[in-house]
Amino acid sequence: EAEVAQSPRYKITEKSQAVAFWCDPISGHATLYWYRQILGQGPELLVQFQDESVVDDSQLPKDRFSAERLKGVDSTLKIQPAELGDSAMYLCASSLADNQPQHFGDGTRLSIL
Amino acid sequence: AQSVAQPEDQVNVAEGNPLTVKCTYSVSGNPYLFWYVQYPNRGLQFLLKYITGDNLVKGSYGFEAEFNKSQTSFHLKKPSALVSDSALYFCAVTPRGGYQKVTFGTGTKLQVIP
Chain A
1 EAEVAQSPRY
11 KITEKSQAVA
21 FWCDPISGHA
31 TLYWYRQILG
41 QGPELLVQFQ
51 DESVVDDSQL
61 PKDRFSAERL
71 KGVDSTLKIQ
81 PAELGDSAMY
91 LCASSLADNQ
101 PQHFGDGTRL
111 SIL
Chain B
1 AQSVAQPEDQ
11 VNVAEGNPLT
21 VKCTYSVSGN
31 PYLFWYVQYP
41 NRGLQFLLKY
51 ITGDNLVKGS
61 YGFEAEFNKS
71 QTSFHLKKPS
81 ALVSDSALYF
91 CAVTPRGGYQ
101 KVTFGTGTKL
111 QVIP
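These protein sequence lines are chains A and B, in that order. According to our numbering, the first sequence is numbered sequentially starting from 1. According to our numbering, the second sequence is numbered sequentially starting from 1.
The following block holds chain B by itself, in its conformation from the complex:
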């Protein structure tokens, strides 16, 4: 069975500093990987995805993520954090081939401090 781990419940970073939100996964074969963001009382919004190709994926709002197959990780990064980036971030994974359910992590709360 597939799984996603987001080891940090909360990440605090000063405005203007780089940020990293960690994600590791377990899945049979090669995965599709996603990052979503959720603001209070809203649904999740898609940020970026890894399908194949370049291990560094660029997404919305200046976010990027690095796929590392050997470490089974897909960490979310941004060079310079904004206060408006404060939100809940979810990593998600689904295996390739046929019907496969998407599994979400438990989420990491990002707090950007002015």
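Okay, chain A solo, but in the shape it has when bound:
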């Protein structure tokens, strides 16, 4: 079982609905990442936090996606409204610093109907 906790593992919902993913990183890890991984591709960074601050959200579709890490510990990624093209694996990772190895959760597989 992964050290980084993510829930839910699977989510099936209809387009236009709201979806939320939760991530609890390894204790003491200041850096937290959310990635989107489409089948057969590498992870694409959506947002990176340093403690509670956003360091990079340049690839986050801000019209529908939001992310927060209010107390600098766990984090939530939200999509509203979901679109068919959002179907993918959403991975959370954490690390001690941004040049250190990342530890990944097992992800949330999202299917939009």
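Source of the hints: derived by calculation from the structure; they are not laboratory data. Here a beta-carbon is modelled for each residue, glycine too, at the ideal position from N, C-alpha and C. The reader is advised that the hints may include incorrect statements.
[Stated by the list, open to error] Now the in silico label distances, taken between C-beta atoms and shown as ranges: (1) 66(A) <-> 114(B): 46 to 52 Å; (2) 15(A) <-> 83(B): 37 to 43 Å; (3) 96(B) <-> 66(A): 28 to 34 Å; (4) 30(B) <-> 44(A): 34 to 40 Å; (5) 12(B) <-> 80(A): 25 to 31 Å; (6) 51(B) <-> 111(A): 47 to 53 Å; (7) 30(A) <-> 96(B): 33 to 39 Å; (8) 77(B) <-> 66(A): 38 to 44 Å; (9) 9(B) <-> 113(A): 28 to 34 Å; (10) 56(B) <-> 50(A): 41 to 47 Å.
Please build the complex by placing chain B on the supplied structure of chain A, with the hints as guidance.
Coordinates of chain B only, in the frame set by chain A:
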């Protein structure tokens, strides 16, 4: 902008034979380089990293990687492949200094044939 290329979508190797998974990168300055492995329906797991020093880096599960600055490569190797090594392998790079985003390659599927 930095980039990572994994030229082979899939590598097939017989069990017990040596394996190589290729990675080349493009980055300004000296890089940090990483290899990760992903099993089906799981997140990525860290295998090894190059920060500085010895060009041959040893990692988990008997894997190693060789950093070649002149060829901008960081190939993953293992002397004797196991069936359980069959998985998806990702190379990643990040430049040094300040905040730098990690860029992942597109992945190479390793199939070890019994």
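Verification of the supplied hints:
1. 66(A) <-> 114(B): 46 to 52 Å: At 47 Å between Cβs, range holds.
2. 15(A) <-> 83(B): 37 to 43 Å: holds, 41 Å
3. 96(B) <-> 66(A): 28 to 34 Å: holds, 31 Å
4. 30(B) <-> 44(A): 34 to 40 Å: For residue 44(A) against residue 30(B), whose Cβ atoms are near 24 Å apart, the range 34 to 40 Å is violated.
5. 12(B) <-> 80(A): 25 to 31 Å: 43 Å Cβ-Cβ, so the 25 to 31 Å window is violated.
6. 51(B) <-> 111(A): 47 to 53 Å: violated, 39 Å
7. 30(A) <-> 96(B): 33 to 39 Å: violated, 19 Å
8. 77(B) <-> 66(A): 38 to 44 Å: With a Cβ separation near 42 Å, residue 77(B) and residue 66(A) satisfy 38 to 44 Å, so the hint holds.
9. 9(B) <-> 113(A): 28 to 34 Å: The hinted range 28 to 34 Å holds for residue 9(B) and residue 113(A), with Cβ atoms some 29 Å apart.
10. 56(B) <-> 50(A): 41 to 47 Å: At roughly 32 Å between Cβ atoms, residue 50(A) and residue 56(B) fall outside 41 to 47 Å, so the hint is violated.
Checked against the numbered hints listed earlier, the structure breaks hints 4, 5, 6, 7, 10; every other hint is satisfied.
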